[in-house]
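Visitor: Listed below, chain by chain, are the residues.
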Amino acid sequence: MPRGSDGLSSRSGVQIDWALMTGVVAVATMGVVNLYSATSPYIGAGARAGLADVYVSQIYWLVVGMLAGILVAAIDYRQYERLAYPLYAAGILSLCLVFVLGADTRGARRWIELGGFTFQPSEFMKVILVLVLAKFLHDDPKTEPRTLIDLLPAVVFTLVPVALVMVQPDLGTSLIYLSTAMTMISMSKIRPRAVITLAGLGSAAAFLLWSYGMHGYQRDRITSFLDPEADKTGTGWHALQSRIAIGNGGLWGEGFMQGTQNQFGFLPDQFSDFPLAVFAEDWGLLGGLVLLGTYAFLCIWAINVASQAKDRFGAGVSVGVGSIVFWHTLANAGMAMGILPVVGITLPLFSYGGSSLVTSLIAFGLLMGVSMRR
Amino acid sequence: MDFLVQRSDVGEFRRRYRWMVLVVLGTFAVLTGRLVQLQVLEAELHRTEARTNIVRRTPLATSRGVLRDVNGTVLAANRPSYNVYVTPGVIDLETTWPRVVKLMGLEPEVQATLEAYIREARDGPRKMQQTLLKVDVTRDVVAALKTQEVRGRKPRPGEGLVGVDVAPVPVRYYPHGELGAHLLGYMREVDAEDLARIGDHGYRAGDRIGAVGIERRWESYLRGQRGWKKVVRGLSRPNLNPEEIEAKYLDEPRQLDPVPGRDVSLTIDIELMRAVHAAMRTQLAGAVVVVDVRTGRILAAYSKPSFDPNVVSGGSGTKAVREAFRRLYADPLRPTLDKTISAAYPPGSTYKPFSALAGLADRLIDARGMVNCRGGYWYGKRYFRCTSVHGNVDLHEAIVVSCNTYFYALGEALQNAPGKTGIDRLAKVGRDFGFGAKTGVGTNPEAPGRMPTRSWYRRRYKGAFRGGFTLNAAIGQGATTVTVLQQALAYAALANGGTLYQPQVVRSIETSDGTVVQEFPPRVRRLVELDQDHLGLIKRALTDVVADRHGTAHAERIAGVDVAGKTGTAQVSRATPRGVDPDKVWYFNRDHAWFTGYAPAKAPEIAIVVLVEHGGGGGKNAVPVGMRIVQDWENLKAKRTAAHRKSTEKVP
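From first to last, the protein sequence lines are chains A and W.
Mapped onto our numbering, the consecutive letters of the first sequence carry residue numbers 145 to 518.
Mapped onto our numbering, the consecutive letters of the second sequence carry residue numbers 710 to 1361.
The set of hints was computed from the structure by calculation and includes no laboratory data.
Computed from a predicted structure; not experimentally measured.
Hints may be right or wrong, so weigh each one.
In silico negatives: residues of chain A with every beta carbon more than 10 Å from chain W [unchecked claim]:
hint, residue
1, V207
2, L245
3, W255
4, G316
5, V339
6, L342
7, A343
Cβ-Cβ distance ranges computed for the label pairs, FRET-style [as the list claims (entries may be wrong)]:
hint, chain 1, residue 1, chain 2, residue 2, range
8, W, A852, A, F400, 44 to 52 Å
9, A, V207, W, V745, 32 to 40 Å
10, W, V745, A, I187, 30 to 38 Å
11, W, A825, A, A349, 52 to 60 Å
12, A, I187, W, F1034, 54 to 62 Å
13, W, E829, A, G437, 58 to 66 Å
14, A, L211, W, E829, 56 to 64 Å
15, A, F261, W, T856, 53 to 61 Å
16, W, V783, A, I187, 51 to 59 Å
17, A, G360, W, S772, 46 to 54 Å
18, A, T173, W, R724, 34 to 42 Å
19, W, Q857, A, I187, 30 to 38 Å
20, W, R935, A, V169, 18 to 26 Å
No residue lacks a Cβ here, since even glycine has one placed at the ideal position from N, Cα and C.
Turn these sequences into a full structure, and let the hints steer you where they fit.
Guide: Spelled out as structure tokens, the structure:
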């Protein structure tokens, strides 16, 4: 039965999406617990002992993110449709600011320092891109298939942040922008010719990128993925050790804080890039299935919310949030299990990192907002 | 889920949702499949890989077997060499370094080089790499370094010896230095070639292996077997309990105990060796072998000049080893050569008893037959010289005064015997006594020596065999060469009535706790076919060489020392050895001096052979050495019998 269409019933229809809430809280909780295990080798470890306490700051960021998410959900999402362009402009500006104010970490400029906190504009840009593309879909309710010209604004909206992030350089994030945008644009009807042209342009760009646009280490990651035996000590080493950790977990896992691959320091970047390896080693196939199942549920729930959304903007936002979660999970889990190359993409709500957490929670806040007002 | 609800302006998207759900489900199915593959299907493999990551087998060192002499005196053992290392990135050049320099007494130029290196390395990639400061420091220095250590707390800057470490490295130790060095051998580091050849026997880079001598031939017994112990890597983290972790991750067996090398007991008597060394004191170069005539066991095998195996075994560092070898190889007296077996010399007159036995056996001479020596012998158009004019001599006299003329006549008789196979007969008898073939003693590479035959001459001189060769061979000259050990065994055979023994240096093999694993009884190589009358004749003559006042050894005899033997003065080819100072060539052109014999003369126990290289006349130069050795041997025997009697008397 269609739900109310007048303002009154719409207001009374506002109700919290407890399923979504449960999924988010579950993943975030598992993330904190896992982070404690991942950093436990540093407990009392002299100079690096501080790393053992990162789970505390993860909890702080979770609280901050939850508050931000609740705030975002509380405001009617249609307000964001009107704010989409100004937000987009602000996002692009902050991405440019990175080059001016950015702190250089490990050869890349991704961070801005703001009053003692560092934050990563490219993370927030993910949500802004979803908003601007949803607005594009919302404002363009055609029934006939779209031509390339019709899609041009969306392509431009996408490529500007992609280019800016690529220069940082941050290949992973730009791939997330691209795949999220692709998912959202694919919601509309497109002329087959436009699809073919886009695909052709895409592969040409990828080729040019490979040949001229990529840094050596980025290329190494991909070649070492394609031929892991050739590079057992360099980049391939990370992927190999992650795979060993997951396999070592077996059916039931080594137990909380018992995974030797993590405890003896064989997992690199165990808080941000390879938390899944730590989790799967500690909790085994059982834990892995629970975690992956929760992510699958969140993705499908986002599609469900989209299918019931009141308008095109809401549907677009829901699919956009779902696709952010989907592509992150695929890239990160695929990397940890050795079926995709090593690219620094986090596991949403699970990996350590303030900007990533807050962004994910804001995105889920948006989804919650749409879900509450369907 | 209500996917089918239609909304006016969202209808365009509707057709996509089903696909998206399918893509999501498909993707997660693939991820789940991979998870199952890693965690269920390949779980064992990855578990093993994870264990290999954290468990390491650390080698447990073994100790090399000890070499002992016949009385149990240690000839080769192991000791720790304390090496001092410095870490450039840690040591304080202002405060610690000057104290280290003073403590270890570093020479100024060494100090300057090291200091320059530390300055250069302390900010580079090698700053945490320990550098060798000094090899094999004394215990006093180790003790001094230890007392400077600060324990239980962090040392203040300038206090203690931060950045200086001492590490013990096991090295081979030869307590008797150069005495018996050729026989015992020495150690060297395994090289790439060894590792390729025998690497699968557990040798690793940096290991030491017996280079020559007993150390080399008995390597497989002496070296022992390294063990291992499984350890968990990186256990230093405070939140891990080592015992718990080890109990959890180390599967049985956790350790393989090292097997210490077998001890090898030799037949050598180091006290007799020391007596030999003392007897040879005035001689530049030569060799002495003493064997037990009743067993063939070698009591002394001495080669001069010698070298210190402690130095060349590497205890004092690679530089010292290289320098030592450079010096040894440059020495024209060839200190590295084992002159008891690795070099063959013309035997000269010491060979005459064997020529005589050949003639007697073929009935070509009569022991009573006389030859008139006028200082030489005409054979065809060639004149063969004797050392003196001896007048009428029979066989006994000819051996006692060492008359060449008699043996030239014997040579001609052999040459003229039916078939003209005289020189082959000489060679045959020589071979019966073990000449011309390796003895198989198994210590160092052996020279076989040479018993020339007609066919050998034909090969060597393109068919021109001359009868004169037989005459020269009869007095132990010409192409005939023998080793000192061959001489000793042949004289032992004369002394014991014709038994040629297999020479023996290893008496038994024991485990490190003293249990005998294997004993080597004496082995007879051959019973020489001999007429005992002929042998008795020869032995009487050998006794008179010393006892008779005309005997060539008589002048240098020691009263009361009961010994029989033969002197020899072997001519050497007048070629100038390479790299010898022309002013010293006269030395290398001088004859070799021999004394070969046995003692006591009546009931022989030992055979003794002395070779003084370029010593000149055998009677004057080799005999005194032999006499002193026999005298010392008698004294040693008396002392030991007395000690033995005393020890047995104590027990009622």
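Visitor: All hints, please: hold or fail.
Guide: Consistency of the hints with the structure:
1. At the 10 Å boundary, the C-beta of V207(A) stays outside the reach of chain W, the nearest C-beta of that chain being 27 Å off.
2. Every Cβ of chain W is farther than 10 Å from the Cβ of L245(A); the closest lies at roughly 33 Å, confirming the non-interface assignment.
3. No Cβ of chain W comes within 10 Å of the Cβ of W255(A); the nearest lies about 30 Å off, and the non-interface call holds.
4. Distance check for G316(A) against chain W: the nearest CB is about 18 Å away, which clears 10 Å, and the non-interface claim stands.
5. Remark: the non-interface label on V339(A) is consistent with the geometry, its nearest Cβ contact in chain W lying 14 Å away (cut-off 10 Å).
6. L342(A), annotated as away from the interface, keeps every beta carbon of chain W farther than 10 Å; the closest lies near 16 Å.
7. Listed as outside the interface, A343(A) is consistent with that label: its C-beta sits roughly 17 Å from the nearest C-beta of chain W, beyond the 10 Å cut-off.
8. Remark: the range hint 44 to 52 Å for A852(W) to F400(A) is upheld by a beta-carbon distance near 51 Å.
9. Here the CB-CB span from V207(A) to V745(W) is close to 36 Å, well matched to the stated 32 to 40 Å.
10. The beta-carbon spacing between V745(W) and I187(A), approximately 33 Å, falls within the hinted interval of 30 to 38 Å.
11. Range check, A825(W) to A349(A): about 57 Å between beta-carbon atoms, so the 52 to 60 Å window is met.
12. Hint check: I187(A) to F1034(W), Cβ distance near 56 Å, so the stated range 54 to 62 Å holds.
13. Between E829(W) and G437(A) the beta carbon distance is about 60 Å. The supplied range of 58 to 66 Å therefore holds.
14. Between L211(A) and E829(W) the beta carbons are some 58 Å apart, a value that agrees with the proposed interval 56 to 64 Å.
15. At about 54 Å, the beta-carbon gap between F261(A) and T856(W) stays in the expected band of 53 to 61 Å.
16. Distance hint for V783(W) and I187(A): a CB-CB separation of about 54 Å, consistent with the stated range 51 to 59 Å.
17. For G360(A) and S772(W), the hinted distance range of 46 to 54 Å is satisfied, since their beta carbons lie about 52 Å from each other.
18. Distance hint for T173(A) and R724(W): a CB-CB separation of about 37 Å, consistent with the stated range 34 to 42 Å.
19. Distance hint check for Q857(W) and I187(A): the Cβ-Cβ separation is about 35 Å, which falls inside the suggested range of 30 to 38 Å.
20. At about 57 Å, the beta-carbon gap between R935(W) and V169(A) misses the expected band of 18 to 26 Å.
Of the numbered hints stated above, the single one contradicted by the structure is hint 20.
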